[in-house]
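Protein sequence lines, in the order shown, are assigned to chains C, G, W and B.
Under our numbering, the first residue of the first sequence is numbered 1, with each subsequent residue one higher.
Under our numbering, the first residue of the second sequence is numbered 1, with each subsequent residue one higher.
Under our numbering, the first residue of the third sequence is numbered 1, with each subsequent residue one higher.
Under our numbering, the first residue of the fourth sequence is numbered 1, with each subsequent residue one higher.
No lab work stands behind these hints: they were computed from the structure.
Wrong hints could be hidden among the right ones.
[Said to hold, decoys possible] Here are the computed lysine-lysine pairs in the DSS-like style, where the Cα-Cα straight-line distance is at most 25 Å: (1) B:Lys231 - C:Lys85; (2) B:Lys233 - G:Lys303; (3) B:Lys197 - C:Lys85; (4) G:Lys303 - G:Lys111; (5) G:Lys85 - W:Lys2; (6) W:Lys33 - W:Lys5.
[As the list claims (entries may be wrong)] Taking beta-carbon pairs under 7 Å as the criterion, some of the chain C residues facing chain G (in silico): (7) Thr143; (8) Thr145; (9) Lys227.
The beta carbon of each residue, even a glycine, is placed where N, CA and C say it ideally should be.
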Amino acid sequence: MSVDLSIKIGSMEMKNPVTVASGTFGYGPEYAELVDLNRLGAITVKGIGPEEHVGNSTPRTFETRGGMLNAIGLPGPGAQGFIDKYVPFLSQYNVPVIVNIWGKSMEDYGKVVEILDAVDTVSAYEINLSCPNVKEGGSAFGTDTDSFSRVIELVRGKTQKPIIPKLAPNVSDIGVFAKAAENSGADAISIMNSYPAMAINIETLEPELANRTGGLSGPPIKPIAIKLVWDAAKATTLPIIGMGGIYEPEDAIEFMIAGATAVAVGTANFTDPSTINRVIDGIETYLSQKGYRSASELVGTVKA
Amino acid sequence: MSVDLSIKIGSMEMKNPVTVASGTFGYGPEYAELVDLNRLGAITVKGIGPEEHVGNSTPRTFETRGGMLNAIGLPGPGAQGFIDKYVPFLSQYNVPVIVNIWGKSMEDYGKVVEILDAVDTVSAYEINLSCPNVKEGGSAFGTDTDSFSRVIELVRGKTQKPIIPKLAPNVSDIGVFAKAAENSGADAISIMNSYPAMAINIETLEPELANRTGGLSGPPIKPIAIKLVWDAAKATTLPIIGMGGIYEPEDAIEFMIAGATAVAVGTANFTDPSTINRVIDGIETYLSQKGYRSASELVGTVKA
Amino acid sequence: MKQEKTTVVEHHNFQGDYRILRLAAPEVGPLVKPGQFLELLIPQLDDRILRRPFSIYKADAEGVSILYKPVGRGTQAMIPLNEGDPVDIIGSLGNGFPELGAGKIPVLVAGGYGNAALYLKAKELKTKGIAFFGGRTAQDILCVEEFKKLGWEVRPTTDDGSLGTKGLVTAAFDPWMQEQEAEKLELFVCGPNPMLKAMGDRAIEHGFTAWLSMDKNMACGVGACLTCVIKRKTEDGGWEWARCCKDGPIFESREILWEE
Amino acid sequence: MKQEKTTVVEHHNFQGDYRILRLAAPEVGPLVKPGQFLELLIPQLDDRILRRPFSIYKADAEGVSILYKPVGRGTQAMIPLNEGDPVDIIGSLGNGFPELGAGKIPVLVAGGYGNAALYLKAKELKTKGIAFFGGRTAQDILCVEEFKKLGWEVRPTTDDGSLGTKGLVTAAFDPWMQEQEAEKLELFVCGPNPMLKAMGDRAIEHGFTAWLSMDKNMACGVGACLTCVIKRKTEDGGWEWARCCKDGPIFESREILWEE
Ligand SMILES: Cc1cc2nc3c(=O)[nH]c(=O)nc-3n(C[C@H](O)[C@H](O)[C@H](O)COP(=O)(O)OP(=O)(O)OC[C@H]3O[C@@H](n4cnc5c(N)ncnc54)[C@H](O)[C@@H]3O)c2cc1C
Ligand SMILES: Cc1cc2nc3c(=O)[nH]c(=O)nc-3n(C[C@H](O)[C@H](O)[C@H](O)COP(=O)(O)OP(=O)(O)OC[C@H]3O[C@@H](n4cnc5c(N)ncnc54)[C@H](O)[C@@H]3O)c2cc1C
Ligand SMILES: Cc1cc2nc3c(=O)[nH]c(=O)nc-3n(C[C@H](O)[C@H](O)[C@H](O)COP(=O)(O)O)c2cc1C
Ligand SMILES: Cc1cc2nc3c(=O)[nH]c(=O)nc-3n(C[C@H](O)[C@H](O)[C@H](O)COP(=O)(O)O)c2cc1C
Ligand code: FES
Ligand code: FES
Numbered sequence: 001m002s003v004d005l006s007i008k009i010g011s012m013e014m015k016n017p018v019t020v021a022s023g024t025f026g027y028g029p030e031y032a033e034l035v036d037l038n039r040l041g042a043i044t045v046k047g048i049g050p051e052e053h054v055g056n057s058t059p060r061t062f063e064t065r066g067g068m069l070n071a072i073g074l075p076g077p078g079a080q081g082f083i084d085k086y087v088p089f090l091s092q093y094n095v096p097v098i099v100n101i102w103g104k105s106m107e108d109y110g111k112v113v114e115i116l117d118a119v120d121t122v123s124a125y126e127i128n129l130s131c132p133n134v135k136e137g138g139s140a141f142g143t144d145t146d147s148f149s150r151v152i153e154l155v156r157g158k159t160q161k162p163i164i165p166k167l168a169p170n171v172s173d174i175g176v177f178a179k180a181a182e183n184s185g186a187d188a189i190s191i192m193n194s195y196p197a198m199a200i201n202i203e204t205l206e207p208e209l210a211n212r213t214g215g216l217s218g219p220p221i222k223p224i225a226i227k228l229v230w231d232a233a234k235a236t237t238l239p240i241i242g243m244g245g246i247y248e249p250e251d252a253i254e255f256m257i258a259g260a261t262a263v264a265v266g267t268a269n270f271t272d273p274s275t276i277n278r279v280i281d282g283i284e285t286y287l288s289q290k291g292y293r294s295a296s297e298l299v300g301t302v303k304a
Numbered sequence: 001m002s003v004d005l006s007i008k009i010g011s012m013e014m015k016n017p018v019t020v021a022s023g024t025f026g027y028g029p030e031y032a033e034l035v036d037l038n039r040l041g042a043i044t045v046k047g048i049g050p051e052e053h054v055g056n057s058t059p060r061t062f063e064t065r066g067g068m069l070n071a072i073g074l075p076g077p078g079a080q081g082f083i084d085k086y087v088p089f090l091s092q093y094n095v096p097v098i099v100n101i102w103g104k105s106m107e108d109y110g111k112v113v114e115i116l117d118a119v120d121t122v123s124a125y126e127i128n129l130s131c132p133n134v135k136e137g138g139s140a141f142g143t144d145t146d147s148f149s150r151v152i153e154l155v156r157g158k159t160q161k162p163i164i165p166k167l168a169p170n171v172s173d174i175g176v177f178a179k180a181a182e183n184s185g186a187d188a189i190s191i192m193n194s195y196p197a198m199a200i201n202i203e204t205l206e207p208e209l210a211n212r213t214g215g216l217s218g219p220p221i222k223p224i225a226i227k228l229v230w231d232a233a234k235a236t237t238l239p240i241i242g243m244g245g246i247y248e249p250e251d252a253i254e255f256m257i258a259g260a261t262a263v264a265v266g267t268a269n270f271t272d273p274s275t276i277n278r279v280i281d282g283i284e285t286y287l288s289q290k291g292y293r294s295a296s297e298l299v300g301t302v303k304a
Numbered sequence: 001m002k003q004e005k006t007t008v009v010e011h012h013n014f015q016g017d018y019r020i021l022r023l024a025a026p027e028v029g030p031l032v033k034p035g036q037f038l039e040l041l042i043p044q045l046d047d048r049i050l051r052r053p054f055s056i057y058k059a060d061a062e063g064v065s066i067l068y069k070p071v072g073r074g075t076q077a078m079i080p081l082n083e084g085d086p087v088d089i090i091g092s093l094g095n096g097f098p099e100l101g102a103g104k105i106p107v108l109v110a111g112g113y114g115n116a117a118l119y120l121k122a123k124e125l126k127t128k129g130i131a132f133f134g135g136r137t138a139q140d141i142l143c144v145e146e147f148k149k150l151g152w153e154v155r156p157t158t159d160d161g162s163l164g165t166k167g168l169v170t171a172a173f174d175p176w177m178q179e180q181e182a183e184k185l186e187l188f189v190c191g192p193n194p195m196l197k198a199m200g201d202r203a204i205e206h207g208f209t210a211w212l213s214m215d216k217n218m219a220c221g222v223g224a225c226l227t228c229v230i231k232r233k234t235e236d237g238g239w240e241w242a243r244c245c246k247d248g249p250i251f252e253s254r255e256i257l258w259e260e
Numbered sequence: 001m002k003q004e005k006t007t008v009v010e011h012h013n014f015q016g017d018y019r020i021l022r023l024a025a026p027e028v029g030p031l032v033k034p035g036q037f038l039e040l041l042i043p044q045l046d047d048r049i050l051r052r053p054f055s056i057y058k059a060d061a062e063g064v065s066i067l068y069k070p071v072g073r074g075t076q077a078m079i080p081l082n083e084g085d086p087v088d089i090i091g092s093l094g095n096g097f098p099e100l101g102a103g104k105i106p107v108l109v110a111g112g113y114g115n116a117a118l119y120l121k122a123k124e125l126k127t128k129g130i131a132f133f134g135g136r137t138a139q140d141i142l143c144v145e146e147f148k149k150l151g152w153e154v155r156p157t158t159d160d161g162s163l164g165t166k167g168l169v170t171a172a173f174d175p176w177m178q179e180q181e182a183e184k185l186e187l188f189v190c191g192p193n194p195m196l197k198a199m200g201d202r203a204i205e206h207g208f209t210a211w212l213s214m215d216k217n218m219a220c221g222v223g224a225c226l227t228c229v230i231k232r233k234t235e236d237g238g239w240e241w242a243r244c245c246k247d248g249p250i251f252e253s254r255e256i257l258w259e260e
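So here's chain C without its partners, still in its complex pose (with noise of 0.2 Å):
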């Protein structure tokens, strides 16, 4: 029996629900070698702000026991560079493309959202209000509900495409802020974002990374993505794009069965290009060993 992997977030169709993280794959290029972009079902791009930015000081990322910190300081070029640098790219293919955004002030969402929307070519903002990696914005509007709400609105007011807003991780109560991207017209909301973390080197005392602190990811946040997710989608009929130490095709089950409609490759593509190809394949296997029609009908199946 032939399984229907296609979902829906918002407006955008994806093939299967397995996209990539934001920085995990860069613009598209870095991959294309090694992963055939017209098997996934959406590809999400590095995070994109108003202009071109710098980014942070090197070291940026450091390795920890089963995972990473990264401290990137959402280096780019700017929502123009990124149209005149990789849309040509992108558009060869016939995949959607999540545009990451983010802004280090409310304006600056709305600028980036301005620039890009006449691009057939991008399909969907996710909105990074969480990273943990810029001093201004960023988390700041991710922990806030008040300025996580507006922040939405005003990208709202920009766009027909799907808005995604991508929530912080460090917050009491994520359901709060689940129904806050709901009530300010996000069309799904994605969960989560690397989580606020340090490591420090105790021959130099200093810190690991040249920005202090950075986001820990990959197998180590699992089980705490999976409880946010869970928490969300009891909290909001939005889907959910699941994210967090996705390595096999098991752990993106779990995070469909806990409620993500879709979910996101991040730093396993480090380890391992060929995660997401295995992943795609993996979830079409056990949908249809457990004789399920499609995708969706596995979403939020959690007998909890």
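Once you've looked at the hints, dock chains G, W and B with the ligands against the given chain C.
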């Protein structure tokens, strides 16, 4: 050159900075055949409520990549039961005993202290305001500054012994709670409890824990804990007991550099009960090799 | 109870999927009582942090052996262990089986690796009785010759009839029990939960004693974490949690409040 | 660029602490250009998730070799790798060395495993020139005979004088350079950062070309994560980040804005 390992938590003197994390070392007797209890800086016992409590159903723990989830649910003999069953044993040792206390209501916390306070063997109270695994109280007190402060003030009114609120990790700004603890009369704070998390069995669609969600502990959370300790140390002058994934002496040293005056070995006891000794020895070796005269000199020396 | 950082002495296939791992254990070996277990820290178990509990199959002044079947991540990671490889054990743990009651007829009932937990008891008991071993196929009936050599009568049952009586262990036990004075029997049982429950029920119904070795997931193995609890009846008609690792793993059938 | 799940063909000590690992790589081998590297996923690297980058020492239609020194967790975990063990590589990565400029005299400068990165270039270059190899002791001067066999003159320097000139690589290079027409030299440099900097400075001061293989911690190795960046001068007098893994690892000395 000999190093002075002793530190103070309020009026409580510890011969070295190493204690155990509540709930990972029972009430003392459990590991007494494997670990020389007299070597410890302090023994921290499993959470004690006002009355006997049964805790959660099983399964209560689940192994994850690199760590574990627990939802024990604070079963225990209650304050009087603790005095009857464990104080005679603990009083044989020359080690301060930190009793981790919890309650379903604010009054409960007061009750536990009323019952225990006359007992000389009880040296200090660690106030669990962050248990992810009980429905009432626990974490709810730890994520709301008002009730957080009120519990501490209430306990403060009942005892002269050091009180050590244990902070919830799942907050946006731990500094606020660190400061609130200081203002409410706490003598120290401890960071962090296990992090709210979840795992789902993809064959049965059921959560792996009877309680559905649990707390993530072990190596995965260390980078999160280091950041929380660093953040808290900037916000308060209170001594901090740092914990979360300490497996090696280097981990404990990292916590101290981040700002922890003392450290607790938790989940590592299950993996290797000799961890405590290794950590104490390792701290001493490090301090003497680096030319420190005392453990306190290392605390908060991070260049950040 | 000791923690011993030691090495593998021998490791080989035993029968079917079952394997025997022999460890040097001059500290732990002499402490072992029948029915006790150890907690093994499996080296190279990648990113997993918990020890795994194993019944102690054999023990002497120099070492201990366990009999195991690779079923999951931990037990599979044990397969490549070679002579001389370092391992870390904590043992011996748990209460172990009690002495046989005066005038009682000992009966062993086991399934799968349960035989391992019973071997030392079978050896220790002066009165030899009868052993009922159940398994899926002949491959799962372990150590029959060894128990016979110790002087026990062994009655195997298999689901597929490939050895002994076809059916569950009860298919052989029940008819035999009919012919006994039930209250004289004393059972030592180790096996999967349904077998424990079946034997426990019979013990209560027919008024004999049955010591059941309870199998519960564990974390610490020493009584500290309160993971491995089962419901034990209290005198006031209620129940309390008992830790399989410390208060057990052996419980008398009347003590246990079965869940569900 | 390909990902290849393959196996170890050979693994042995080379000299001192250095070891050579040869991998079957029918896919990656033929792609390799001198100065490129691969990303190795070290099996059994317990609870670490990142690949490790290694210069490609040798490559042909069947496989690739790397030359490494165990220095940390990952490289130490490589030691037990045996013939037939599975490994996973991504390669070949990075830009590699450019062609030698017309009429230029090629000069190789290397320290430690830097020799590995230069070997394929030394082999490829039709014009053979001179190679300056620096190391702490004679043990750290690798592949001298191999480079000689390719037709290169090799001038070793060691910190302790146990081989060649005593001192840093500059102790041999500087006097030699004095006697050359500097602008005719074209350097290919791979080694520790101070060596790269020293050669880069000389290139600028004396007006020769120096291709430096920059060594920066990496995560993805393919240009996606933006971990491995260095400052590259831009035409407007400013700078931009360039990724060592994708835009490099080879940069011309004038491109680099050295930090500190
Ligand atoms: C007192 C006792 C004695 C035992 N004696 C033996 C023996 O002699 N031979 C033998 O082959 N096995 C024995 N077991 C079971 C053995 O511990 C499990 O096979 C083993 O834990 C499975 O681990 P795994 O890593 O292969 O499986 P995984 O499924 O990867 O284990 C995941 C987690 O579940 C736990 N777990 C899984 N299955 C069991 C189980 N059946 N019992 C307890 N915990 C489990 C593991 O300890 C681990 O924490 C015993 C268990 C107990 C409690
Ligand atoms: C382009 C390039 C080519 C290299 N070629 C070789 C080679 O041919 N032979 C060789 O022996 N080594 C080479 N290295 C260095 C090699 O990658 C490091 O020795 C190795 O990463 C150290 O890993 P570890 O796990 O042993 O150390 P750890 O200290 O445990 O590594 C921890 C982390 O730091 C990173 N790291 C540590 N040291 C370095 C370093 N010097 N460069 C980059 N990342 C580092 C690791 O990748 C890892 O993410 C090369 C590095 C780069 C960037
Ligand atoms: C190197 C790196 C860069 C990242 N950059 C971004 C980013 O630009 N925007 C964003 O929203 N999230 C970013 N993230 C977070 C990921 O998209 C993802 O939310 C997080 O890593 C958790 O998933 P994982 O554990 O599968 O990696 C980045 C993560 C990593 C590791
Ligand atoms: C099995 C288990 C039981 C715990 N019980 C308690 C408890 O009763 N009270 C408490 O404050 N914390 C409890 N904790 C949390 C630990 O004290 C500690 O804060 C946490 O596990 C992080 O440290 P670790 O990673 O070193 O284990 C428990 C943790 C575990 C794993
Ligand atoms: S396993 Fe910890 S109490 Fe039994
Ligand atoms: S290592 Fe990821 S961009 Fe270079």
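For a C-alpha distance cap of 25 Å, please report whether G:Lys85 and W:Lys2 respect it. Holds - the C-alpha atoms of W:Lys2 and G:Lys85 are around 24 Å apart, at most 25 Å.
Keeping to a limit of 25 Å between CA atoms, is the pair of B:Lys233 and G:Lys303 held or broken? With a Cα-Cα distance of about 30 Å, the restraint between B:Lys233 and G:Lys303 is violated, given a limit of 25 Å.
When the nearest CB of chain G is found for C:Lys227, is that gap smaller than 7 Å? With a minimum Cβ separation of about 4 Å from chain G (threshold 7 Å), the hint on C:Lys227 holds.
For the pair supplied as a hint, B:Lys197 and C:Lys85, confirm whether the alpha-carbon distance does not exceed 25 Å. Violated. B:Lys197 to C:Lys85 sits at ~32 Å, over the 25 Å cutoff.
For a C-alpha distance cap of 25 Å, please report whether W:Lys33 and W:Lys5 respect it. At roughly 20 Å apart (the allowed maximum being 25 Å), W:Lys5 and W:Lys33 satisfy the hint.
Any CB of chain G closer than 7 Å to the CB of C:Thr143? This interface hint holds because 4 Å falls under the 7 Å limit.
Per-residue hint verdict: C:Thr145, partner chain G, C-beta under 7 Å: C:Thr145 check fails; min Cβ-Cβ to chain G is 11 Å, beyond 7 Å.
Satisfaction of hint between C:Lys85 and B:Lys231, Cα-Cα up to 25 Å: 20 Å, holds
Can you confirm whether the C-alpha distance between G:Lys303 and G:Lys111 stays at or below 25 Å? Measuring from Cα to Cα gives roughly 43 Å; hence the hint is violated.
Figure legend: structure checked against the earlier numbered hints; hints not met, in rising order: 2, 3, 4 and 8.
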